[in-house]
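Engineer: Chains as they are written, first to last, in my numbering: chain U, 1 to 103; chain R, 1 to 83; chain Y, 1 to 303.
Worth double-checking, as some hints may not be accurate.
Unchecked claim - Have a look at the derived ranges for each label pair, beta carbon to beta carbon:
| hint | chain 1 | residue 1 | chain 2 | residue 2 | range |
| --- | --- | --- | --- | --- | --- |
| 1 | Y | Leu162 | R | Pro53 | 32 to 40 Å |
| 2 | U | Leu14 | Y | Val16 | 23 to 31 Å |
| 3 | Y | Leu27 | U | Glu92 | 31 to 39 Å |
| 4 | Y | Leu17 | U | Arg91 | 53 to 61 Å |
| 5 | Y | Leu160 | U | Ala80 | 25 to 33 Å |
| 6 | Y | Leu24 | U | Glu3 | 48 to 56 Å |
| 7 | U | Arg91 | Y | Leu153 | 42 to 50 Å |
| 8 | Y | Leu251 | U | His38 | 35 to 43 Å |
| 9 | U | Ala80 | Y | Leu165 | 34 to 42 Å |
Since the hints were derived computationally from the structure, they do not count as laboratory data. Everything numeric in this text was worked out from a predicted model, so none of it was measured. Note that the Cβ used here is the ideal one computed from N, Cα and C, for glycine as well.
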Amino acid sequence: MIEFTAILAWPFLLAGAFFFIAGTLGVLRFPDIYSRLHAVTKADTLGLGLTVIGLGLLSGSLRTTLLMILVWLLVMASGATACQLLARYERERPQVEDENGGR
Amino acid sequence: MLWLISLLLLTVMASMVRVVVGPTRADRLLAIQLFGTAGTAVLLMMAYLWGQPALIDAALIIALLAAVITSALVQFLRREHHD
Amino acid sequence: MAVVDWVYDGLLALLVLGLAAGALYSLSLYRAVVFYIALGLVLALVWARLGAPDLALAEAAIGAGLTGVLLLSALKHQPNKARLMGWPWLPGLTGIAILLLLIMMVKAVWGLPQGMAAVGQAALLAVPESGVEHPVTAVLLNFRAWDTLLEVLVVLLALLALRQLTLPDETFPDAWPLLLAWSRLLAPLSLLLGIYLLWRGADAPGGAFQSGALIAAGLLMLRLVGLSPALPWSRFGVRLSILIGPTIFLLAAMATASLGAGWLAFPPDWSKALILLIEVAATTSIAISLALLVGSDSRELNQ
């Protein structure tokens, strides 16, 4: 039984790592701030969720799994809110400012 | 598992580039959010790998603080435009 | 050590060095602050790697969280470009000094015996008598309570020093409803986590400084979005909660010195209760002091 869950866990962990890589690629390659916001707050949060599922399967302890799910919920809420906040900040910012000057 | 953690660290390292090139302040703040999420994942994996449940608490705190920092910094940055 | 250990440790070390270099050499102060916060987060990972979850918690809460916000609030009063120092010989001199220091440190570390030192073993053996189960808490509040007392006093001194300065007025724009709702969720959550850390401190990593920093972060969040006014120094309760930690600590020290075995040598039957009392009082003081350090009410100060 334990071995079965361990085998089941690895695809989740690998998929989690995949989404982290995807998120970073998005941050590096996407053309503007709004699309980059999506890359971090969505792909990385999903990556964390898959990692949590994988680790929960591996650990086999209900308490640990629930704690980790709590962490994930917090990160999800934080990611969604941070995305909105940063996008609004960027839209509100006076656009006349020089992009590279004084920052 | 350790390879996986190293892989995550590598992605964190790559996204440092975004802090350097920007171009906007929101981009750099976004990097903090990314560091928070990836750091949480790394801590959770370490907690499992070395059997240290205290690191899950640390992950919880990093997640909370990343959220606080991003929100607080947005408020600080907005202030400068309202002068 | 397997290859993967080297890869992993090497990546962590490179990351720390890169972020530190970024924080030091960024030409824009804002960028430097962002690097610094990220450095704090990665340092927490390094402490976790070294098997010190207590330090990981402290570094995340104080190093990354609170210091980052403190630096950013100071940024407002600085010119936007970092200025280079006027002394051209300074970098070279610093470089030589650091090189000498590095050589000394490498020599010192090279001579260390492998495994646990005798002092560490003596401390671990004495943990059951300390009144708490977690070794780090036992060391901080029983065996080396002196250090912790002085640390609590340092926070108090910093706050008193800040009050001598005249700060420019701080006003924040009206927060968006989204931010208001989010901080209504975040602030109680940090309070809850802070109390949880304090509670766990007896038998697991956690403690007064980490917990105080988290509670301060919650208070600060409320202040930034305008949900709570700045804590007024004129209010008796605020001053009381700033002073209660050092006071109780000093009272305990004096009581043990005059009635018991000596300065801060807790009697074993009482030590659990005493440590708990001191921890709660110190957390209150640290939380309120840190919140005041970062988000102090300048209008009141300028009067």
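Engineer: Work down the list of hints and note, for each, if the structure agrees.
Structural biologist: We went through each hint and held it up to the structure:
| no. | hint | result |
| --- | --- | --- |
| 1 | Y/Leu162 / R/Pro53: 32 to 40 Å | 38 Å, holds |
| 2 | U/Leu14 / Y/Val16: 23 to 31 Å | 27 Å, holds |
| 3 | Y/Leu27 / U/Glu92: 31 to 39 Å | 26 Å, violated |
| 4 | Y/Leu17 / U/Arg91: 53 to 61 Å | 36 Å, violated |
| 5 | Y/Leu160 / U/Ala80: 25 to 33 Å | 41 Å, violated |
| 6 | Y/Leu24 / U/Glu3: 48 to 56 Å | 49 Å, holds |
| 7 | U/Arg91 / Y/Leu153: 42 to 50 Å | 47 Å, holds |
| 8 | Y/Leu251 / U/His38: 35 to 43 Å | 56 Å, violated |
| 9 | U/Ala80 / Y/Leu165: 34 to 42 Å | 39 Å, holds |
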